[in-house]
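**Student:** Given the coordinates of chain A, assemble chain B with the ligands onto it according to the supplied hints.
These protein sequence lines are chains A and B, in that order.
Going by the working numbering, the residue at position 165 of the first sequence is 165; the numbering climbs one at a time, nothing skipped.
Going by the working numbering, the residue at position 30 of the second sequence is 1030; the numbering climbs one at a time, nothing skipped.
Just so you know, these hints were derived from the structure itself, not from any lab.
Keep in mind it's a predicted model, so treat the numbers as computed, not measured.
We treat Cβ as the ideally placed atom computed from N, Cα and C, and that holds for glycine.
Certain hints may be false.
[Said to hold, decoys possible] Far from chain B, some chain A residues (derived; all Cβ distances over 12 Å): (1) 24; (2) 28; (3) 72; (4) 102; (5) 103; (6) 106; (7) 111; (8) 162; (9) 178; (10) 216; (11) 244; (12) 247; (13) 248; (14) 249; (15) 252.
[Said to hold, decoys possible] Straight-line alpha carbon distances no greater than 20 Å define the calculated EDC-like cross-link-like pairs of lysine to aspartate or glutamate that follow: (16) A/20 to B/1005; (17) A/7 to B/1276; (18) B/1512 to B/1563; (19) B/1214 to B/1199; (20) A/49 to B/1276; (21) A/96 to B/1396; (22) A/49 to B/1209; (23) B/1505 to B/1563; (24) B/1254 to B/1488; (25) B/1564 to A/53; (26) B/1254 to B/1485; (27) B/1305 to A/53; (28) B/1181 to A/214; (29) B/1497 to A/56; (30) B/1502 to A/3.
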Amino acid sequence: MADKILKKLNIKVWRQNNAKDKGKFETYTIENISTGSSFLEMLDILNNKLILEGKDPIAFDHDCREGICGTCNLYINGRAHGPDTEVTTCQLHMRKFNDGETITIEPWRSKAFPVIKDLIVDRNAFEKILQAGGFISVNTGGVPDANTIPVAYEDAEESMDAAACIGCGACVAACKNASAMLFVAAKVSHLAKLPQGKIEAKKRARNMIAKMDELGFGGCTNTGACEVECPKSISITNIARLNREYLKARFSE
Amino acid sequence: MSILDSKIPEGPLAEKWNKHKADIKVVSPANKRKLEVIVVGTGLGGASAAASLAELGYNVKAFCYQDSPRRAHSISAQGGINAAKNYQNDNDSVFRLFYDTIKGGDYRAREANVYRLAEVSPNIIDQCVAQGVPFGREYGGLLANRSFGGVLVSRTFYARGQTGQQLLLGAYQAMNRQIEKGNVKMYTRHEMLDVVIIDGKARGIIARDLVTGKIKRFGAHAVVVASGGYGNVFFLSTNAMGSNGSAAWQCYKKGAFFANPCFVQIHPTCIPVHGDQQSKLTLMSESLRNDGRVWVPKKKEDAEKLRKGEIGPNDIPEDDRDFYLERRYPSYGNLVPRDVASRAAKERCDAGYGVNAEGKAVFLDFKYSIERLGKDVIKARYGNLFQMYEKITDVDPYKEPMMIYPAIHYTMGGTWVDYNLMTTVPGLYSIGEANFSDHGANRLGASALMQGLADGYFVLPYTIGDYLASEIMVPKADTQAPEFDEAEKAVNQRLEKLYHIKGTKPVDYFHKKLGHIMWDYVGMSRNEEGLKKAIQQIREIREEFWKEVRIPGELDNLNQELEKAGRVADFFDMGELMALDALNRNESCGGHFREESVTDDGEAKRDDDNFTFVSCWEYKGEDQEPVLHKEPLVFENVKLTQRSYK
Ligand SMILES: Cc1cc2nc3c(=O)[nH]c(=O)nc-3n(C[C@H](O)[C@H](O)[C@H](O)COP(=O)(O)OP(=O)(O)OC[C@H]3O[C@@H](n4cnc5c(N)ncnc54)[C@H](O)[C@@H]3O)c2cc1C
Ligand code: SF4
Ligand code: FES
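Bound conformation, chain A alone:
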């Protein structure tokens, strides 16, 4: 458990000043990083060094730094969220790396997520998909007492498993087709597993999938890459459920 010091690391990172810029890799070296530091703390240290050298620090997205807000999104050594399982980038720690290693950092690469600057991408497409139907249509007020809607324990648990999606986009980044099916399926399952959400289930699936296709995400060919990189272990069985809802929706059209 005791922390060690990584004496030297090479950080090869994607630099792109804005959406129009072509972008390229730059390599920086950094010294004396504790294995107990988080990956983003390592980047903070590098950035403060770059500032002192008169350079522009590396822009990357982050906020909660505890794996729940879904803001952080780095593609590290060829893997979404880097070389650890069930973690977001912000939960990745330097103990997963070796002294002297070259670490390659890229943004999410997908047509639907254009780069804004360096490692920051625009994930607005996810917003659009959820706006198209990722909700239950109730207004504030006038709802029944909570315990008049019993939910079987297992259903609540399964719903919660799917609702744990943090909207990070790793599934899209990991997918060779840049499909958003896991993300969409997670929302559809979260709501369809609950009696409250069943009522609109078909319409929801139909609208969200239509929006996903419209926004330029690729189709799902069941490679399963998304599930492997998903920091919240969202299961691809949700995609099967989504397909069922979607077919039901198509047949009832």
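**Tutor:** This is chain B with the ligands only, laid out in the frame that chain A set:
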């Protein structure tokens, strides 16, 4: 009439809110469509308000600095949300929740507001369930509850250790539905940098588009600030990296009084600080104290060996463990309120019983509950927290106790608001953690989520109508008005000033320094000498900042250092006001512990004769001392006693 009219309705406590709702004005649906409301922030407070106002027919513009409203700091709330449902048949009630909150807040909150909070709390749970929040359930299909600190009933609803996430997704989805309908216009990656006042009323904001760096103007008939708390003054806290107090601070500078700035909550169960490269602290939910027991060794020798790594916690026999919370507070045990638990941990560590290398940690042990309930039950309850702990520390908490230490977590202080949640500036509202209203000097666990959603779903949508009813004839705000010109000019000047300093040190350097000053002198334990020193040191470091900070990049591009610099510049001013307020309040209450004011057994001692008031600070200009106004707190329904959890 004093400028501090809290507008608390007349009549018996339990009837005030209903009576008030009957008395206030209502805007017709046709007129609502003509009115615009700006909501700054999309956490539980902002998202629930934006959705509810849009459903009513108002035109809403909502803002957040993240790339999605769903990423607001509320997302990270773990443990749960309180509501007086009495589903457990354990004699809970609206009055009991009200009473616990007033007592937990150490009698420094307004009775009427807190009662209303308790009164609407059951509706929140109903609303969330209807939206599809997957709360934890019993096998029979009904909702499950857990207990939180400072109470003797079980009234906390939860969705595993991700309650804030699920509640926020509920509010966010309700807001998404309104975005799709065109009733909410969402501005992500936009940061409010000023509020615009015309004819004495809030009529808009100035915001920076964080992608292009463009400064933009937005007009409205009312502005609602739901920007969260200012705990990041301390640099290290459990707040998200971007959490800041700047929106509230700009309101203060434009005339909104700031209340009880020194009331800060220090959470007892956080992963301890390691080294000096750390960027933030991680909370381990209070719900863990339901099943975890807090202890340190009884013998100093054992503590020393632990610190040196010569023995592990499991080497210390049962009889040599000091379960100090159970020992000192037998009736509440491990579930004493946060301020009490935090001070008790500090007391043990200061006395030499700390268990990590730095001597600043205590154990939170699950061995006993795993023996009693089995690992599976514990995993179902706290699995994600245990995983989070292991990923950070590389220690498996199913096998070894967690190490925890208090850390800055929440700010009870905030913008002063009246019963309608309006600030001292007409048309300017403040909701959620950004306001001061309900938690007095200490917030009970699982009550912030309750307050944010109460404000946004069930209070503001009613009270804002009372103000907007008089604005129906007022045309849309003219963003070409001289007031907008002036505000935009000031914003630009400040950004350029910061950018052109081109000094020698990054923003973090100053923020860390400020954090140290705040933690040492305005943290868990405060005294006159230290507070005066803090004020002096904050002034020095602020001066250095304005001479030496270095902001790279470009003004008209995405620039995270520029964003940080603006927030840290405000943190200096906030930190100073916090120290001043703490100096002024020469009593101990809740999270505010003045060493000059303690009981014989070392507990916090209130001074009700002299301090039963809300401190409300008025901004008087750049180099002027702020002026203190007092809102007296009147207690008609509870008797003020020294809090006891023994
Ligand atoms: C780790 C953790 C765990 C917690 N657990 C619990 C719990 O179990 N139960 C409980 O009751 N409470 C808990 N709390 C407290 C609770 O989460 C917060 O008090 C509450 O969520 C705050 O909600 P809010 O809506 O007021 O603000 P926030 O959720 O902080 O949202 C602030 C919003 O304002 C926006 N914003 C800020 N400044 C600007 C600006 N200048 N311009 C534009 N937008 C801006 C942000 O983008 C964001 O959308 C916890 C807190 C933490 C830190
Ligand atoms: S499904 Fe998993 S990988 Fe995809 S957005 Fe959700 S949490 Fe991220
Ligand atoms: S920063 Fe929030 S999940 Fe990583």
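**Student:** Does each hint fit the structure? Answer for all of them.
**Tutor:** Verification of the hints:
1. 24: 17 Å, holds
2. 28: Correct as stated: the minimum Cβ-Cβ distance to chain B is 14 Å, above 12 Å.
3. 72: 10 Å, violated
4. 102: Check passes; 21 Å lies beyond 12 Å.
5. 103: 17 Å, holds
6. 106: Given a closest Cβ separation of 17 Å, the condition holds.
7. 111: 17 Å, holds
8. 162: 9 Å, violated
9. 178: Holds, because the least Cβ-Cβ distance between residue 178 of chain A and chain B comes to about 18 Å, which exceeds 12 Å.
10. 216: 18 Å, holds
11. 244: 19 Å, holds
12. 247: Label holds. Min Cβ-Cβ 22 Å, cutoff 12 Å.
13. 248: 19 Å, holds
14. 249: 18 Å, holds
15. 252: The assertion about residue 252 of chain A holds, with a minimum of 22 Å to chain B.
16. A/20 to B/1005: Answer violated: residue 20 of chain A to residue 1005 of chain B is near 54 Å, above 20 Å.
17. A/7 to B/1276: Holds, at about 17 Å.
18. B/1512 to B/1563: 16 Å, holds
19. B/1214 to B/1199: Answer violated: residue 1214 of chain B to residue 1199 of chain B is near 27 Å, above 20 Å.
20. A/49 to B/1276: Given pair residue 49 of chain A, residue 1276 of chain B holds - Cα atoms ~16 Å apart, limit 20 Å.
21. A/96 to B/1396: Holds, at roughly 17 Å.
22. A/49 to B/1209: 27 Å, violated
23. B/1505 to B/1563: 16 Å, holds
24. B/1254 to B/1488: OK: residue 1254 of chain B and residue 1488 of chain B at ~14 Å, within 20 Å.
25. B/1564 to A/53: 19 Å, holds
26. B/1254 to B/1485: 15 Å, holds
27. B/1305 to A/53: 43 Å, violated
28. B/1181 to A/214: 19 Å, holds
29. B/1497 to A/56: 19 Å, holds
30. B/1502 to A/3: Answer violated: residue 1502 of chain B to residue 3 of chain A is near 36 Å, above 20 Å.
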